[in-house]
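**Q** We have chain U; now place chain X onto it with these hints.
Protein chains: 2
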Amino acid sequence: MRIALDAMGGDKAPDVIIAGALESLEFLDQDDELILVGPQDVVNQHMSCPRRYKSRVHIVDAPEVIAMDEPPVDSLRKKPKSSIAILAKLGKTHEADAVISAGNTGACVAAFQMRMRNLPNVNRPGIAVTFPTFGGPVTICDVGANISCKPINLYQYSVMASIQAEHLLGIKSPRIGIMSIGQEEAKGNEIVKKARDLIKSDPNLNFIGNIEGRDIFKGICDVVACEGFVGNVMLKLTEGAVDGLFKAIKHELMQEKLGLGLALKFKPIMKRIYQKYDYNEYGGAPLLGVNGTAFICHGSSVERTIKNAVIIAKKHHTLKINDKIMDSLSHSSVGTTDVQTN
Amino acid sequence: MRIALDAMGGDKAPDVIIAGALESLEFLDQDDELILVGPQDVVNQHMSCPRRYKSRVHIVDAPEVIAMDEPPVDSLRKKPKSSIAILAKLGKTHEADAVISAGNTGACVAAFQMRMRNLPNVNRPGIAVTFPTFGGPVTICDVGANISCKPINLYQYSVMASIQAEHLLGIKSPRIGIMSIGQEEAKGNEIVKKARDLIKSDPNLNFIGNIEGRDIFKGICDVVACEGFVGNVMLKLTEGAVDGLFKAIKHELMQEKLGLGLALKFKPIMKRIYQKYDYNEYGGAPLLGVNGTAFICHGSSVERTIKNAVIIAKKHHTLKINDKIMDSLSHSSVGTTDVQTN
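Taken in order, these protein sequences are the chains called U and X.
Numbered per the working numbering, the first sequence finishes at 342, counting up by one with no gaps.
Numbered per the working numbering, the second sequence finishes at 342, counting up by one with no gaps.
Extracted from the complex, chain U is given alone in its bound form (with noise of 0.2 Å):
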């Protein structure tokens, strides 16, 4: 299979993104092929590739780069020969069988919205995080591709990144649960509440109902349905409430007599924890519900970010998901639009 990477996306980029995505060809097999994107001298520049993967590695020209800051829907206007806008049209013409981007999140959100198009009976697309916690992994859906949600995205959430639990991390009948403010039926805004009604309605779906924000870390659910916005300052808190605590720690070490020492015996915990509970593991995040496999990575990959990306992208694309989702909302009782709201 091809997979295409913006070559330009991220704080790290080119750099990370090219030695990530050489690396992860060591993982693939030997017909697979990758795609950098990004303006050609530039991607030349900072790519040394091995002779043995060399034919394996071809370069499309994109002279131009959307920044990390600039309003999505605008630059891709302003930029149609932008990493983002190639890849999306790779993406589109079947060029490229995954696309990656560790870019503009809002940016990629809309191109591949735009240019890949939703499958079949999709209302909204979706990105679908998975946390890693200590109770086991957490996929959450959605964390940032929109928020202006309405019941249906919420219920196609569930269906999405349930399928996606079920065959990519290989969670037997995953439980969802749909964040809200309380346990109880009554606890939630009207969206919640509507959405709840339509996720129970289906009988494919093991649904365990409301959750609030410490059941992400408790090991009750394995799949969270939430509003974008919601999804986005949840996965940004995390990040920040688990920093905030490592310096704390490290902090109140140093005020021990024997700090330093006690400092380095903790160490390697805080470098176990942060592997195994590091979203860097699972590479990036799929934008559900596009028609081809579409993954956004964080704005600080790292090259094992990347890496990983690549390598779960094959499998998103090999097990076939997209079809799993289209046959599963297909046979859905749950309709496509949202008379609800409407």
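Just so you know, these hints were derived from the structure itself, not from any lab.
Treat the hints loosely; a few may be bogus.
To be verified - Mimicking BS3-like on lysine-lysine, the simulated pairs with C-alpha atoms at most 30 Å apart in a straight line are:
#, chain 1, residue 1, chain 2, residue 2
1, X, K92, X, K150
2, U, K247, X, K276
3, X, K250, U, K247
4, U, K193, X, K79
Stated by the list, open to error - One side only, chain X facing chain U, incomplete, derived with CB under 7 Å:
#, residue
5, D69
6, I147
7, E184
8, M234
9, A241
10, R272
11, D323
Glycine residues also receive a C-beta, built at the ideal position from the N, C-alpha and C atoms.
**A** Just chain X now, kept in the frame of chain U:
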């Protein structure tokens, strides 16, 4: 002053509520009095009040109790003699200068709003929780009083929480952020964008713009305005993330060769962190914008939480936070109704 407490509110009521309340007396003035609201016989049975305090502790009978998971408005209607309903009545009639409950949050919000009414010019009250973080305390409003938020509410939360941070926590000209999904101006949903314009237009506010979830722990702002749904998820998510991380650390410590020894050494550090970054320190969260001093505590409050809530409620009342809110809103150039979304 007279401070009334819901003796039946919280997971560990009535024991910890009564004990915490009695503990607080040591930190109050000689003419301060406590009113315990609950079924008279139950409160009497669980109270062992030192003789020197007897004249300062009163019981107001409230034979009914609203459970933590009852639907708020329904339960208030069905149980007019519940401790929460009677508490709100004491707040309304000024028989109590401050009211405190660790009971059903929704019922507290509904009762305090309905009985005590809003301060002049306040559109909707909001719960303002103070997060202790490595970067300093951050006051977040709203965390769940209002889940159908309008721009004017977010503006007023900024004003009210800023006054609280300045006077209660001693933070000069608190830096205010609005919770969004990116720091750029273009990011956020419609409510956030409109609220940002309102906050920006008020020259008395020290507004720093959009913040993201991770920024809460970075020390870049002192006050965060957010929708009640989002704030509630944030509050509980942080709780869960910290608990989950400590569990993970404990687990990893025990995997070490000298695990138990290391765990023992690490214990006081964890304890210190728990103390420093424990929301119990701040006791409870005021429902800002109601006409009176009303504090809502976490359902899992312990004695220390209740003791601190009493002390902080007294400070809140003594510092005349509500007068400052009224003064600020009456001089605000921003209206009190939400023409933009109506």
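**Q** Which of the numbered hints are not met once you compare them with the structure shown?
**A** 11
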